[in-house]
Structure formats: C-alpha cells, structure tokens
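Here are the chains, one letter per residue:
Number of protein chains: 2
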Amino acid sequence: MQLHQLSEQIVDRKNFLCIGLDTELNKIPKHLQQQPNAVLHFNKAIIDATKDYCVSYKINTAFYEAMGSKGWDILEDTLHYIPNTHFTIADAKRGDIGNTAAQYAKAFFETLPFDAVTVAPYMGEDSIKPFLEYTHKTTIVLGLTSNKSSEDFEQLTVLSKDSHSSSSKKLYELVIEKIASWATPNQLMFVVGATKASEMQSIRAIVPEHFFLVPGVGTQGGSLNEVAEFGWNNQIGLLVNVSRAIIYADASENFQQMAAAEAAKYQSEMAEILNRKLRL
Amino acid sequence: MQLHQLSEQIVDRKNFLCIGLDTELNKIPKHLQQQPNAVLHFNKAIIDATKDYCVSYKINTAFYEAMGSKGWDILEDTLHYIPNTHFTIADAKRGDIGNTAAQYAKAFFETLPFDAVTVAPYMGEDSIKPFLEYTHKTTIVLGLTSNKSSEDFEQLTVLSKDSHSSSSKKLYELVIEKIASWATPNQLMFVVGATKASEMQSIRAIVPEHFFLVPGVGTQGGSLNEVAEFGWNNQIGLLVNVSRAIIYADASENFQQMAAAEAAKYQSEMAEILNRKLRL
Chain A
629 MQLHQLSEQI VDRKNFLCIG LDTELNKIPK HLQQQPNAVL HFNKAIIDAT
679 KDYCVSYKIN TAFYEAMGSK GWDILEDTLH YIPNTHFTIA DAKRGDIGNT
729 AAQYAKAFFE TLPFDAVTVA PYMGEDSIKP FLEYTHKTTI VLGLTSNKSS
779 EDFEQLTVLS KDSHSSSSKK LYELVIEKIA SWATPNQLMF VVGATKASEM
829 QSIRAIVPEH FFLVPGVGTQ GGSLNEVAEF GWNNQIGLLV NVSRAIIYAD
879 ASENFQQMAA AEAAKYQSEM AEILNRKLRL
Chain B
629 MQLHQLSEQI VDRKNFLCIG LDTELNKIPK HLQQQPNAVL HFNKAIIDAT
679 KDYCVSYKIN TAFYEAMGSK GWDILEDTLH YIPNTHFTIA DAKRGDIGNT
729 AAQYAKAFFE TLPFDAVTVA PYMGEDSIKP FLEYTHKTTI VLGLTSNKSS
779 EDFEQLTVLS KDSHSSSSKK LYELVIEKIA SWATPNQLMF VVGATKASEM
829 QSIRAIVPEH FFLVPGVGTQ GGSLNEVAEF GWNNQIGLLV NVSRAIIYAD
879 ASENFQQMAA AEAAKYQSEM AEILNRKLRL
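Order-wise, the sequence lines are chains A and B. With our numbering applied, the first sequence closes on residue 908, and no number is skipped along the way. With our numbering applied, the second sequence closes on residue 908, and no number is skipped along the way.
Relax, there's no trap hidden among the hints.
Once the Cα atoms are required to be at most 20 Å apart in a straight line, the calculated SDA-like pairs of lysine to any residue come out as:
| id | chain 1 | residue 1 | chain 2 | residue 2 |
| --- | --- | --- | --- | --- |
| 1 | B | Lys893 | B | Asp676 |
| 2 | A | Lys655 | A | Gln848 |
| 3 | B | Lys797 | A | Leu787 |
| 4 | B | Lys797 | A | Ser796 |
| 5 | A | Lys698 | B | His708 |
| 6 | A | Lys806 | B | Ser777 |
Just a few of them, taken from the derived set where beta-carbon distance is under 7 Å, the chain B residues facing chain A:
| id | residue |
| --- | --- |
| 7 | Glu753 |
| 8 | Thr773 |
| 9 | Thr785 |
Simulated restraints on C-beta separations:
| id | chain 1 | residue 1 | chain 2 | residue 2 | range |
| --- | --- | --- | --- | --- | --- |
| 10 | A | Leu906 | B | Ala833 | 56 to 64 Å |
| 11 | A | Leu906 | B | Asp705 | 49 to 57 Å |
| 12 | A | Asn861 | B | Pro664 | 51 to 59 Å |
| 13 | B | Arg904 | A | Gln661 | 53 to 61 Å |
| 14 | A | Asn654 | B | Tyr709 | 27 to 35 Å |
Hint data in this document are derived by calculation from the structure and do not stem from the laboratory. All residues carry an ideal CB built from backbone N, CA and C; glycine is no exception.
Only chain A is shown next, with the shape it has when bound in the complex (with noise of 0.2 Å):
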C-alpha cells in the first residue's frame, strides 16, 4: 500500500490510528504466556481484535530480535496476517553506510514485504537514498522524536551552511528540511512525536505537504486533538501510533475485548477530528 491509498483508507474507516505491536512474552496475558508461539497467538488476537478501528499496523523489531531467530519469525508471521487494507510499518530504524542500508531496504521491502520502514537519519544521504530507490514503498525518517532526551542532539542549534546570514535552526528542522529534498512526499514521511505538539506546527510550515507518523500518544502522554490542531494538512497528513496504551489494555481473559474497546475509544475520537476538519 501506498500513501495517497493509506490517506483513501484514513477517510473510508474514519480514523488514522496505527496500532504498535510491541509485543513481549512477559506482558501479555498470563493464560496465554504458557502456549506455543503465545506472542504470534497474542498478536493474532490483537489484529482480529482492533483491525476495523485502525488502518496501519507497527511492528517494532526490538522486540522481536530480543526473541532470536524465533522473534524473526514471528515477526514474518505477524506481517502476513495483516490485513491487505492495512498500511504496515517496520519500526527498524535502521542507518547505515549504502552498500549496508541496500540490505536493510532489502531486509524490510522485499524479504519482508513491509510498506514502510523507519529510518534514522544521523548518516545522511547514502543512508536514506538505498530505501528512496523503493519508489513503491514508504520510507519514514526520524524528525523530532517522543522521548525525553530528543533535546540532547536532535534540538540542538545548528548554523545552515548554505546561509550566508547567521540564522540558525534546529537541527530537526534542518533533518526534515534537507530529506524533504530527496524524494517527493509520495514516498517519505516523518516521525514528529506527539509530546512535541508547539513544534509540530513549525515542521509543519516546513514540510506541508508529507505525512507524519506520529508517536507518543498514550502511555507517553501526548494529546490527540494537540496532533490534530498542529499537524494536520490539506491530505490529513497525520498516522498517530499507540501501542501499550491498547494492546495492553487489559491482562485478563478479556484482553481482546478492551483492546478492541480502546482501539475504538481512538477511532472515534478520530473520527470526531476527521469530520470536524474534512466538514464531512
């Protein structure tokens, strides 16, 4: 799936919730923990459970790789149960040299079919071009992140080198600035957290027109109708992850039902914002 598809299916399920599969062993629920493959099984019953309240799934590699070889293949195993109408993203955040990003972009667009993957951008350009080649696929480049420490380097002040006057940007801005340049927003995005929500209106003057995964609504606190007031563009241009805050809504037997009934809790409030907005 590509973008202008992910924005058809945001407008036709009325909600642009992603949900983040960061699934581990230890914390879904115990009557599940002791049967084989439980974290495939788990994340089975969240899909069923939550696809019709979202229209993109995440998986995050952390938690797979820490599982071995065996997390790699729940991980492919996961990826294929997901539905075709849903947008999938690899949370890889990979960056390397380009011979070695070749096989990353390899790794996650074709050995793993994913639609998107996120990458870190600290290499530059070699890093990012191997994913861009994909021109099919989506590549989603760190900007402005959820956690605490984004302030140690990414809002930092850089001097630009292509100014001749003394102005100067963060260096986030100037990350989203000089990627934007690279392909078109058909093919890239950016992760702007959701904690930042006064910042995201600055990104948004600089890259209007790209879509933004959006973290850190939920267990991190950050509000949705500050994502919606701040980044929203004329495409929507907004997919809002939150993953503890649904798929471990709940720990007991009725784990899929309060997922289920989270998930749904986002959609509306989405829904809510899409028609306000879209005046629908």
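Given the coordinates of chain A, assemble chain B onto it according to the supplied hints.
Same frame as chain A, now just chain B:
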C-alpha cells in the same frame, strides 16, 4: 570479552584488526553458492583462515536480516563459531526510545551474547543508557562515520547550549563529548571513520582514553598509517575494521588462502606500527 582484555589481545597478537563479516550470498565464491547453508559455510571458512591475524570480528546485521529468519540463524551460528579469544561486535546501529532500546540491548547482549554492539546517537541519552546498563559489555556509539554524506548532518556546526559564549562545535564533536560523560572508557567506544583521519586528531583530544572502532580502511580507501598517527592513545585505543577487502579478496577455490594472505598483510603492517609505537 571486555575492552581491557581486548587491549591485552592486541598486544599479544600484534594487531588491532577487526574483520567485518558483511556476507552476501551472491558475492561469495561461485562453487560455494549452491551448498546448503552456503553463507554460514563461507563465514566459518573465513574465520578459520583469518583468526590468527585479527583480534575481533564484526557481524553486520543488515546482511543477515536481508535473508529473513534464516539469516538470523546464520548470524547466531556465526557468532558461536568465533573463538572466545576474539572480541565480537554486532554492527547493528540501533537507536530507539528507552523501553525499545532495552529490547535491542537484550537482543545483542543476552539472546545473542555479543561483546559489543554499535548504536546510533540521534535520539539521545534514553536511547543509549539501556545498553550502558550492561556494564560488562561494550557500547559503540556512532561519532564521525566513514561515508561521504557524514557531511549532511554529523559535520554541521552546532551551538553548545552549555556555553555562555558563542563557541561552536561540530555535531559529531558534541555527540562524542556528551556521550563520553555517560560511561567510563571501559565500556564505551566511538565509531570514527578512517576516511576522516584529519578529524581523528581533534576527536582524540576530546576523548583521550576511549577506544575507536575505525571503519573505512580497505575498500573505502582510508589509510592505516594515518589512523595510527592520529588515533593512537596510550592504551592503543584503536580497532580497525576491514570487511570486503579481506573476505572478498578472491572468488576462486583459493578464497581462504587469499583472505588469510590479505588479513596477514594488515596484521603485519599493524605489528610494525605496534612495535614502533610501543617500542617493543
């Protein structure tokens, strides 16, 4: 193995060579490609042929992930085949928020018992701290990388927040300076590219005691003598990685002998440098 033991190995074995196992099926000798488990077979042959000439092996996760879960098995089998006299590095360049970073640390320090893992700094302290909690392991943070597009972001001029004056630094300098304050040189290294030998001197001034992992010698064109000139410290402080120039030295049935010969050439140059520098 910890860094003080790596230093001992370097003196004993008279080299500071790390060999990068960036193995791709279509680049290994044709006569091996049809064998079952060809990549693992190749890796074992390369390790057998080169282990007397190096002190470390670095496994680049991208090349294994591109093969899916089978690749993850090969990665694990390769790791377990490396003699415990050698320092093992997962070249993974991971970086994510705290609870995810903890899963990556588990993946590469527990599930796969590497001695060290490479991580990316963009997201700041909470993306790196979970690795540093493994105090008997080594965390290797990207500083200044060997690729051309390190100039896109790593080499930007940033204004230091801590300073009252208008003093400025390169982003990679500030990254290295700040991260060096989070752990002792016993458990923290920095990636400093060999293609950036002139900058290596100023980085050595910032972190006089830390080990550098130095990619870029070999196929990428960095000079071993320049690296030794500018990167040396009183603990040696250098681990130079060579990947393609050694493992793909030859594509015939003699590939093992030719890889060994190439590794031996580096070992011999390094022994000369060590003899000179340590005045043995």
